[in-house]
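Residue numbers (my numbering), protein chains in the order written: chain A, 2 to 117; chain B, 4 to 117.
Be careful, since some hints might not be right.
Claimed, not checked - Partner residues are not named here, just some residues of chain A that face chain B (Cβ under 10 Å, in silico):
#1 Thr33
#2 Tyr37
#3 Gln61
#4 Lys65
#5 Asp66
#6 Lys67
#7 Cys95
Hint data in this document are derived by calculation from the structure and do not stem from the laboratory. Just so you know, these numbers come straight off a predicted model, no measurement behind them. Glycine is no exception: its CB is placed at the ideal position from the N, C-alpha and C atoms.
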Amino acid sequence: GAVVSQHPSWVICKSGTSVKIECRSLDFQATTMFWYRQFPKQSLMLMATSNEGSKATYEQGVEKDKFLINHASLTLSTLTVTSAHPEDSSFYICSARLPGVQETQYFGPGTRLLVL
Amino acid sequence: AQSVAQPEDQVNVAEGNPLTVKCTYSVSGNPYLFWYVQYPNRGLQFLLKYITGDNLVKGSYGFEAEFNKSQTSFHLKKPSALVSDSALYFCAVRDGTGTYKYIFGTGTRLKVLA
């Protein structure tokens, strides 16, 4: 149980294009999902908290117009990197919160984005 | 402010020997503590957590961790290391402000030598 998927697992795009990454909780409902970014050999940097049915909460320094987050259902959150540039190249990881007594975040496998 | 420290960037241990990966934390209120493992180019896999109850927590793949309130530590341990345990390990604490955010340590790379 508590499986989270991400799609795509990797994407290469041209500078200026937009890329959408999907995060799904496969066997539980997640009112809260999180989006992280990880640079090589570094820890995870929280980008935003995605709440179903409401606007995402972005961390300081993260451009909300650049990284659009939509949490349209209890099992799906999407991150769209708009007008991507090479500096947006990174490993993006989502997690879904399993609430209650099982309080735990379960992570997706990550999406490697390379912007040329 | 909440924080997590993993003082070792890398830990080397011989296969079959016990391993310890250290984690200390600072949090207001009761801590929710977690350990995750990350293999190359993969997401994080949940290993174990402490929320309440017994201070010794057992998790996946033979790992365990001991919650020590007085030392504000939550060290990850395994009695006998395997080469396949080589990976990046993250300790995390849940933010105590009600946002459910996790604060991650900087990670410790574990290398188990055959």
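Out of the numbered hints, which ones does the structure contradict? 3, 4, 5, 6
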